[in-house]
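Assemble the complex: chain A is given as a structure, and chains B and C must be docked to it using the hints.
Protein chains in written order, with full-length UniProt numbering: chain A, 1 to 368; chain B, 1 to 469; chain C, 1 to 122.
Each hint should be verified, as a subset may be incorrect.
[Said to hold, decoys possible] Below 30 angstroms or equal to it, Euclidean Cα-Cα: the simulated BS3-like pairs (lysine-lysine) are:
id: 1; chain 1: A; residue 1: K233; chain 2: B; residue 2: K296
id: 2; chain 1: A; residue 1: K191; chain 2: C; residue 2: K38
id: 3; chain 1: A; residue 1: K233; chain 2: B; residue 2: K162
id: 4; chain 1: B; residue 1: K129; chain 2: A; residue 2: K336
id: 5; chain 1: B; residue 1: K38; chain 2: A; residue 2: K100
id: 6; chain 1: C; residue 1: K38; chain 2: B; residue 2: K416
[Claimed, not checked] Chain A is faced by these chain C residues, among others (derived, beta-carbon under 7 angstroms):
id: 7; residue: N13
id: 8; residue: L18
id: 9; residue: L19
id: 10; residue: G99
id: 11; residue: F103
id: 12; residue: M104
id: 13; residue: K106
id: 14; residue: P107
id: 15; residue: S109
id: 16; residue: L113
Worth flagging that the hints you see were computed from the coordinates, not collected in a lab.
Note that CB positions come from ideal geometry on N, CA and C, so glycine has one too.
One letter stands for each residue in the lines below.
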Amino acid sequence: MANIYQYCIDYFNDAPIIIQLSWVLSALFAVTLISLIFYLKFLRSTLRTKERIQNVYLKKYESDLIEYLYSGNEDEEMTKEQGIIVNYLHKCAQNRLKRKLIITTLLKLRNEVSGETADAIKRLYYQTGLIDYGTLKLRSKKWEIVARGIKELAQFDVTEVHYNVIAQINHPKKEVRREVQMYLVKLFHFKGLDFLDLLKSQLSEWDQIQLLEILQNFDDQNLPSTTKWLRSKNTSVVLFALKIAKIYNQYDAKDEIIKLLEHPDLNVRIDAIAVLGDLGVFEMVDLLKNNLNEKDIDEQIAFFKMMENMYTPSDVDFLFEYMNHENFDIKVSVNKIFKEMNIQDASKFQINTAPESPPSSTNLIQAS
Amino acid sequence: MINNIIEFLFFAFSLSAILSYIILALISAVETIDYMKKNSFVNYKEILSSSISPSISIIAPAYNETLNIVENVRSLLSNHYVNYDVIIVNDGSKDDSLEKLIKAYDLVKVDYLINSQIPTKPLREGVFKSTNPAFEKLIVVDKENGGKADALNTGLNISPNKYVACIDVDCLLLEEALQKMIKPFLETTDSKVIAAGGVIRIANSCVIKDGKLLDVNLPKSLIVRGQILEYLRAFLLGRMAWSKLNGLLVISGAFGIFDKKTAIEVGGYDTKTVGEDMEIIVRMRRHMEEQKVKYKVAYIPDPLCWTEAPDSYKIFISQRNRWTRGTIETLRKHRKIGFNRDYHTLGLISYPYWLIYERLAPVIEVTGLIYFLYLLLNHFIRWDYAIVFILLSYLFTVAFSVITIITEELTYHQYKKKGIGFQLLMTAFLEPIINHPFILYAAAKGNYDYYFNKKIKWGEMTRKGMSND
Amino acid sequence: MSEVKKVLLAEDNSVLSLLLKFKLEKEGYQLFIAVNGKEAIEIVEAHSPDIILTDIMMPFVSGLEVISHVRYKLEIQTPIIVFSSAGQEEMVIKAFNLGATDFMSKPFSPNELSIRIKRLMR
Numbered sequence: 001m002a003n004i005y006q007y008c009i010d011y012f013n014d015a016p017i018i019i020q021l022s023w024v025l026s027a028l029f030a031v032t033l034i035s036l037i038f039y040l041k042f043l044r045s046t047l048r049t050k051e052r053i054q055n056v057y058l059k060k061y062e063s064d065l066i067e068y069l070y071s072g073n074e075d076e077e078m079t080k081e082q083g084i085i086v087n088y089l090h091k092c093a094q095n096r097l098k099r100k101l102i103i104t105t106l107l108k109l110r111n112e113v114s115g116e117t118a119d120a121i122k123r124l125y126y127q128t129g130l131i132d133y134g135t136l137k138l139r140s141k142k143w144e145i146v147a148r149g150i151k152e153l154a155q156f157d158v159t160e161v162h163y164n165v166i167a168q169i170n171h172p173k174k175e176v177r178r179e180v181q182m183y184l185v186k187l188f189h190f191k192g193l194d195f196l197d198l199l200k201s202q203l204s205e206w207d208q209i210q211l212l213e214i215l216q217n218f219d220d221q222n223l224p225s226t227t228k229w230l231r232s233k234n235t236s237v238v239l240f241a242l243k244i245a246k247i248y249n250q251y252d253a254k255d256e257i258i259k260l261l262e263h264p265d266l267n268v269r270i271d272a273i274a275v276l277g278d279l280g281v282f283e284m285v286d287l288l289k290n291n292l293n294e295k296d297i298d299e300q301i302a303f304f305k306m307m308e309n310m311y312t313p314s315d316v317d318f319l320f321e322y323m324n325h326e327n328f329d330i331k332v333s334v335n336k337i338f339k340e341m342n343i344q345d346a347s348k349f350q351i352n353t354a355p356e357s358p359p360s361s362t363n364l365i366q367a368s
Numbered sequence: 001m002i003n004n005i006i007e008f009l010f011f012a013f014s015l016s017a018i019l020s021y022i023i024l025a026l027i028s029a030v031e032t033i034d035y036m037k038k039n040s041f042v043n044y045k046e047i048l049s050s051s052i053s054p055s056i057s058i059i060a061p062a063y064n065e066t067l068n069i070v071e072n073v074r075s076l077l078s079n080h081y082v083n084y085d086v087i088i089v090n091d092g093s094k095d096d097s098l099e100k101l102i103k104a105y106d107l108v109k110v111d112y113l114i115n116s117q118i119p120t121k122p123l124r125e126g127v128f129k130s131t132n133p134a135f136e137k138l139i140v141v142d143k144e145n146g147g148k149a150d151a152l153n154t155g156l157n158i159s160p161n162k163y164v165a166c167i168d169v170d171c172l173l174l175e176e177a178l179q180k181m182i183k184p185f186l187e188t189t190d191s192k193v194i195a196a197g198g199v200i201r202i203a204n205s206c207v208i209k210d211g212k213l214l215d216v217n218l219p220k221s222l223i224v225r226g227q228i229l230e231y232l233r234a235f236l237l238g239r240m241a242w243s244k245l246n247g248l249l250v251i252s253g254a255f256g257i258f259d260k261k262t263a264i265e266v267g268g269y270d271t272k273t274v275g276e277d278m279e280i281i282v283r284m285r286r287h288m289e290e291q292k293v294k295y296k297v298a299y300i301p302d303p304l305c306w307t308e309a310p311d312s313y314k315i316f317i318s319q320r321n322r323w324t325r326g327t328i329e330t331l332r333k334h335r336k337i338g339f340n341r342d343y344h345t346l347g348l349i350s351y352p353y354w355l356i357y358e359r360l361a362p363v364i365e366v367t368g369l370i371y372f373l374y375l376l377l378n379h380f381i382r383w384d385y386a387i388v389f390i391l392l393s394y395l396f397t398v399a400f401s402v403i404t405i406i407t408e409e410l411t412y413h414q415y416k417k418k419g420i421g422f423q424l425l426m427t428a429f430l431e432p433i434i435n436h437p438f439i440l441y442a443a444a445k446g447n448y449d450y451y452f453n454k455k456i457k458w459g460e461m462t463r464k465g466m467s468n469d
Numbered sequence: 001m002s003e004v005k006k007v008l009l010a011e012d013n014s015v016l017s018l019l020l021k022f023k024l025e026k027e028g029y030q031l032f033i034a035v036n037g038k039e040a041i042e043i044v045e046a047h048s049p050d051i052i053l054t055d056i057m058m059p060f061v062s063g064l065e066v067i068s069h070v071r072y073k074l075e076i077q078t079p080i081i082v083f084s085s086a087g088q089e090e091m092v093i094k095a096f097n098l099g100a101t102d103f104m105s106k107p108f109s110p111n112e113l114s115i116r117i118k119r120l121m122r
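Extracted from the complex, chain A is given alone in its bound form (with noise of 0.2 angstroms):
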């Protein structure tokens, strides 16, 4: 036996560096692996574990909020059954994974459910102590941590930290930025756009996408004026004024808007077209008319576009010269133009005026 040793000792000592160093790190990888291996099987254990607790705390946590949520009556601030589960809740949120699958349960109600119902939720956010984790987290240093605090806070509608939130709109990740922003708007409505004033960083085309659908929940009559934002130095903060424009039809907006043609960012130029076009503001398009071959090939793809909806008769001799285009995109808008014209012979047209009817959904036997 210790002969064995000894040969390999001296086998090693013997060999060249290349050699001992292969030896060594062959038994460093062999012993890596082989503990690669055990956490490997313990990581999928724990794993497996944790689901099933998740589970099963996930069923509990869902009957105790129906719970909460039927035995409460209008005479008491709160019931005693109510009591037992709120102090129940609250023991169970000192721990974190249980406090992340409460809050998970009550907004799967809470995103669906409105009214007193949603109220109740809310109450019950409260009471449970969950509120004062969520402000918590705006304080943490961990940039993630301190964006999904203030996305929870907007989830239960928490407008007395607003303070604490507004103070990060700053922040330098851009995560953390987009949450408080979202924040303001869910909360505050078009009022919680004001940020958009004092905005330096790009609002990216996912940023205002998401900002419109949650304006889009609300039907607020108290529509903000778009000027100050269409004069903005922020490209992103007019490309953005302009959506607003369009889906709430600012037709106030259109004198700044034509202003806007003459913007030298190109995408504006583009989206001011397209908007003037959907507010219906015909003035604009003899003056585009006007200088139409100096303008960007782009222009003039999103004005004939344009044209498709807001052509008028007297435009047929303007448009018969641009029938054959060399631009695919403005031979197929002025062409389609001149297809609902009706229009065989440019000498005699006419307009052709029924609208054309939706294609009819009768036959819709099998939806997708």
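Structure of chains B and C alone, referenced to chain A:
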């Protein structure tokens, strides 16, 4: 003396390969953690339902797919995104694919002006749309056979949308696939995103029903298991790092989204190569570098696209043979960018890496084997040396695979069932011995075919059904 | 009071269906819960409920397919209320074309739902 030099070169190659794997894995780890953090609170629901979300065309070429075409199309139509359409390009199929589609989806021929910005083979029967409003998103194009690249180009010409998602028709896309893939295009404000690549997961043995992935299983066949591990390694620990370095050279042909304008600007897919999916990315990147525009190729690591992998050695070998030839062709065609400072990361890191560790690796390995054989025949072998080197590389390979499995568990944890962990481990141990020789053989054959066999036929992948009930 | 009225609820959000189950059972209905469209169709065929409440976006088989199955395959005129989320206006129109009786946009008030059910059952 010459022996020493050869040995040193082999050693340097192996060591640098190992090092590069470790470095890429480390970068991937950092990037993955960051991605997971960022995505832990993103709400995709808003993008999904918004009517102002950008429009996407899914382009799926089909060639003799009659077996599953109807079902595959239905699955593509069930994506949870608002503004998208599905363009099926029937690439001169000789079977009854078109008739089946017409019947299943109430298709009628329509007049459709096509902007032929990329030259393609002419249409055969023409363009079809459905009379049923439930299928208004569907466009079927019937054209003469011209290969996959040509079919994709037809789709690019036809698409009216800003973005195109090029996929294999038999892929299963998860419901949230499009909104996750479009995110980088929408949220990047400091550079232009020209393309985004997705992850391909292997669907063999998984339960798929009505276009939904119901149950993830590990297939029995070792060759497929080996590929699962291989894909996990490439997607979890490889591409994630390349995307961080902005050096991604390839987007899987099975699922990628492109900025249509840029794709058309560079002339679409190259119909002369068998590696059109890699080639177009290299060409698009090259174009952007030459235009001096700041750009990015994004990568989404979520398992969004599931597809059937070859389960016979014959088809597997011909697939890899084709990949090898595709790589050689692309690298040769764009030789100019290699080691060229004007092309930044693309020229100085990505290209050399692909050349040395993808393109040349099989060549070096075969040379090594021949050299080993030579030593063996002349009894020059120091067996103890040989054993320690083999042991070292084997242990590293296995450990690397195990790290991959652990990464998968920590991130997406798709293989939840009990027992799969052990089976994956066994695969990690067996794969280098059993699967690797076939991959090496296929790569060597690819090299041989590329240089010496001029009339090679395109490897056909006979497809099995996606739905297994 | 005649026999107990049967309500089918097809909804993939488990908390919401639990909430509605409690509420409607308290009001004297018998509840059947389906978590996807496929189950919903099976329950319709097995128990012929007096009213169907279905979400539009569901896994496997959508609410639209449930409606079309009830109206065109089974050819029965059971009242159907669909739940939709914001931004699914197009889907709601499709649902009405297929023969839905009423719709409620999420988030909705459970009280309002129960009033509508009562009205439709009369």
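Status of each hint after checking the structure:
1. Straight-line distance between C-alpha atoms of K233 of chain A and K296 of chain B comes to about 26 angstroms, which keeps the hinted pair within the 30 angstroms bound.
2. Taken as a hint, the K191 of chain A and K38 of chain C pair is broken in the structure, with Cα atoms around 44 angstroms apart against an allowance of 30 angstroms.
3. Using a Cα cut-off of 30 angstroms, the hinted pair K233 of chain A and K162 of chain B holds, with the two alpha carbons roughly 27 angstroms apart.
4. For a cut-off of 30 angstroms, the pair hint linking K129 of chain B to K336 of chain A stands: about 19 angstroms separates their Cα positions.
5. Simply put, K38 of chain B and K100 of chain A have alpha-carbon atoms about 18 angstroms apart, close enough for the 30 angstroms limit, and the pair holds.
6. Between K38 of chain C and K416 of chain B, the direct Cα distance comes to roughly 25 angstroms. Compliance with the 30 angstroms bound is thereby established for this hinted pair.
7. A distance limit of 7 angstroms between C-beta atoms decides the matter here; for N13 of chain C the minimum to chain A is near 6 angstroms, and the interface restraint holds.
8. Look at L18 of chain C: its Cβ gets to within about 5 angstroms of chain A, closer than 7 angstroms, so that hint holds up.
9. Interface hint status for L19 of chain C: upheld, as the beta-carbon distance to the closest one in chain A is roughly 5 angstroms, under 7 angstroms.
10. The criterion of a C-beta within 7 angstroms of any C-beta in chain A is not met by G99 of chain C, whose closest approach is roughly 10 angstroms, and the hint is violated.
11. Because the closest C-beta pair between F103 of chain C and chain A is about 14 angstroms apart, greater than 7 angstroms, the hint is violated.
12. At its closest, the beta carbon of M104 of chain C sits 10 angstroms from a beta carbon of chain A; the interface hint therefore is violated under the 7 angstroms criterion.
13. At about 5 angstroms, the closest approach between the beta carbon of K106 of chain C and any beta carbon in chain A falls short of 7 angstroms, and the interface hint on this residue holds.
14. About 4 angstroms separates the beta-carbon of P107 of chain C from the nearest beta-carbon of chain A, less than 7 angstroms, and the hint is met.
15. Among the interface hints, the one on S109 of chain C holds; its C-beta lies about 3 angstroms from the nearest C-beta in chain A, closer than the 7 angstroms criterion.
16. With a least beta-carbon distance of about 9 angstroms to chain A, the hint placing L113 of chain C at the interface is violated under the 7 angstroms criterion.
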